[in-house]
Amino acid sequence: MPARPKPMTDRYSAWRVLKESFSGNSGWKPAWRKPEPKASYDVIIVGGGGHGLATAHYLASVHGITNVAVVEKGPIGLGNGGRNTTIVRSNYGLPSNTRFYEHSLKLWEGLEQDLNYNVMMSQRGVLNLFHSDSQRDAAARRGNSMRLQGVDAELLDRDGVRAYAPFIELDNPMFPIFGGLMQRRGGTARHDAVIWGFARAADQRGVDIIEHCEVTGIRREGGRVTGVETTRGFIGAKKVGVAVAGNTSRLATMAGLSLPVESHLLQAFVSEAIKPMIGGVVTFGAGHFYISQSDKGGLVFGGDLDGYNSYSQRGNLPVVEHLLGAAVSMIPALSRLRVLRQWAGIMDMTMDSSPFICKTPIDGLYFNGGWCYGGFKATPGSGWCFAHTIARDEPHAFNADLTIDRFRDGRLIDERGAGPNPWAQ
Amino acid sequence: MHLIPCPYCGERPQDEFHYRGDATVKRPAPDAGEQAFYDYVYTRANPRGWHDEWWHHYAGCRQWIKVRRNTLTHVVAASAGPADALPEATP
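Chains as they are written, first to last, in the numbering used here: chain A, 1 to 425; chain G, 1 to 91.
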């Protein structure tokens with residue numbers, strides 16, 4: 001067996017950057033190894049996105065379980081980990097969601113120190129605009145719910161919105177802006193860096209990250225999981241955790257399970273780079289549109305689902321038109337910008353728009369999915385709770401309500417109350 | 001842009017339609033039991049491939065129609081009226 005590096009032997013620091021700059025940057029090593037799969041592991045995580053890699057990191061760092069493999073069908077981070085719009089927040093109204101997402105936000109706040117990796121966490125605020133008295137009431141109620149649970153929230157009036165985001169058209173004749181609900185601790189992080197940081201931290205504790213290894217079956221004996229069939233052969237495991245976002249239904253089918261999930265498309269866009277314009281994240285309350293600005297200067301924005309089942313990772317034009325219309329209604333100055341890139345990811349939409357991190361009827365098999373379009377901000381919290389659930393074989397209080405059984409028991413976490421129609425969530 | 005062959009109006013652009021979900025789920029009999037109703041309301045096959053689904057031609061004939069569409073390639077293979085069956089299988 002090849003020697004495994006000890007945790008954090010290869011620390012990144014300003015001193016390292018300086019030292020390497022004098023030695024031709026020849027001392028940098030790859031951030032993670034490319035190991036061959038072993039015959040078996042204590043835990044296999046299916047899916048090398050943010051959630052899977054975070055799970056492996058917390059299994060190793062919190063629970064001391066290091067005989068872990070993360071198997072990924074392609075290179076890591078090319079699914080939704082690399083396709084999201086990088087927003088981090090915890091501005092939910094229902095306690096089950098608030099508890100979980102606030103824990104995740106607290107992990108974000110210390111993530112760079114924990115991982116020894118710059119994920120460019122930037123808490124510049126998330127502002128949800130409202131356009132009517134009733135929307136203001138709903139925002140105030142959500143803000144109060146957040147504050148009762150110890151989460152920061154602030155109701156801004158028109159002047160507050162103008163001061164935070166002077167580029168917004170406040171007097172749109174159809175959708176005048178009445179104010180907004182602000183979470184100042186929200187913001188953005190660099191999505192690829194989050195993937196790389198978790199991968200590096202997990203690898204340094206001995207986790208094997210096995211890329212180009214697609215799971216084709218989940219082997220079970222007597223109601224207990226024994227490993228996974230992959231394109232690189234069978235790999236045994238005492239426990240298997242699945243974190244595959246849009247492909248959750250396919251993995252469930254391999255284990256003989258059916259889920260309350262549909263796969264849908266969500267698009268995202270980046271404009272050409274401009275000088276600093278938008279401080280934090282702003283969402284339009286009258287259409288489907290939200291926007292922020294990356295550190296490179298490109299405006300990053302997105303909107304609603306394409307609205308039909310799809311695994312294609314390709315967005316469609318009617319949503320582009322709707323979204324750009326909403327964009328120009330909210331910020332007329334955007335009409336002179338050009339869209340540089342556009343792409344889509346596959347969302348695992350549940351029937352109540354909330355996720356699940358839970359055990360399954362099969363011993364040793366755990367599911368993490370149903371992230372709808374909110375998976376990125378959940379990345380550390382999801383990994384932390386999934387690692388706890390796998391290591392202890394029981395959920396933590398933070399994810400105890402995030403089960404699949406809640407649909408059967410009528411304990412839905414329906415933040416939006418849109419009914420069992422994933423395309424309407 | 002999907003072009004959806006409405007059995008009443010011919011091929012029409014996708015934005016004349018609303019998507020209305022999986023057309024293979026059937027409302028169970030009133031006495032079918034809790035599990036059958038749970039599956040009817042919540043459980044979906046969510047296939048990666050051919051999918052029979054409802055589309056509502058709200059900006060056209062206002063009929064609900066059945067469409068067989070591939071969720072990976074977005075190819076539309078067949079459509080039928082609400083009471084009609086789609087072809088048995090699609091290669």
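Check the hints yourself; a few may be wrong.
Claimed, not checked - Taking beta-carbon pairs under 8 angstroms as the criterion, some of the chain A residues facing chain G (in silico): (1) Tyr164; (2) Ser249; (3) Asn316; (4) Gly417; (5) Asn421.
Said to hold, decoys possible - What follows is a set of in silico ranges between Cβ atoms, one per label pair, in the way DEER data are often shown: (6) Ser26(A) to Val75(G): 38 to 46 angstroms; (7) Pro173(A) to Thr24(G): 39 to 47 angstroms; (8) Ala45(G) to Thr226(A): 43 to 51 angstroms; (9) Lys38(A) to Gly49(G): 41 to 49 angstroms; (10) Ala85(G) to Gly419(A): 22 to 30 angstroms; (11) Lys29(A) to Glu11(G): 30 to 38 angstroms; (12) Val75(G) to Glu221(A): 51 to 59 angstroms; (13) Glu221(A) to Tyr40(G): 27 to 35 angstroms; (14) Leu170(A) to Ala85(G): 38 to 46 angstroms; (15) Lys19(A) to Ala45(G): 30 to 38 angstroms; (16) Pro28(G) to Ala273(A): 37 to 45 angstroms; (17) Tyr40(G) to Thr253(A): 16 to 24 angstroms.
Worth flagging that the hints you see were computed from the coordinates, not collected in a lab.
Ideal Cβ positions, reconstructed from N, Cα and C, are used throughout, including at glycine.
Now the hints, each set against the structure:
Because the smallest distance between the Cβ of Tyr164(A) and any Cβ of chain G comes to about 34 angstroms, over 8 angstroms, the interface hint for this residue is violated. Because the smallest distance between the Cβ of Ser249(A) and any Cβ of chain G comes to about 4 angstroms, under 8 angstroms, the interface hint for this residue holds. For Asn316(A), the shortest C-beta to C-beta distance to chain G is roughly 6 angstroms, which falls under 8 angstroms, so the interface hint holds. Among the interface hints, the one on Gly417(A) is violated; its C-beta lies about 15 angstroms from the nearest C-beta in chain G, farther than the 8 angstroms criterion.
Taking 8 angstroms as the C-beta cut-off, the interface hint given for Asn421(A) holds, the closest approach to chain G being about 7 angstroms. Judged by the Cβ atoms, the range 38 to 46 angstroms given for Ser26(A) and Val75(G) is violated: they are separated by roughly 52 angstroms. In this structure the hint that Pro173(A) and Thr24(G) lie 39 to 47 angstroms apart at CB holds, the actual value being about 45 angstroms. In this structure, Ala45(G) and Thr226(A) break the distance hint of 43 to 51 angstroms, their C-beta atoms being roughly 26 angstroms apart.
One distance hint, 41 to 49 angstroms for the beta-carbon pair Lys38(A) and Gly49(G), is violated here, with the actual separation near 33 angstroms. For the hinted restraint 22 to 30 angstroms between Ala85(G) and Gly419(A), the CB-CB distance of approximately 27 angstroms keeps it satisfied. Between Lys29(A) and Glu11(G) the Cβ separation comes to about 57 angstroms, which falls outside the hinted range of 30 to 38 angstroms. In this structure the supplied range 51 to 59 angstroms is violated for Val75(G) paired with Glu221(A), their Cβ-Cβ distance being about 39 angstroms.
Roughly 32 angstroms separates the CB atoms of Glu221(A) and Tyr40(G), a value that falls within the hinted 27 to 35 angstroms. Taking 38 to 46 angstroms as the suggested C-beta distance range, the pair Leu170(A) and Ala85(G) does not conform, at roughly 54 angstroms. Between Lys19(A) and Ala45(G) the beta carbons are some 56 angstroms apart, a value that contradicts the proposed interval 30 to 38 angstroms. Between Pro28(G) and Ala273(A) the C-beta distance comes to about 55 angstroms, which lies outside the given range of 37 to 45 angstroms.
With their beta carbons about 19 angstroms apart, Tyr40(G) and Thr253(A) fall inside the hinted range of 16 to 24 angstroms.
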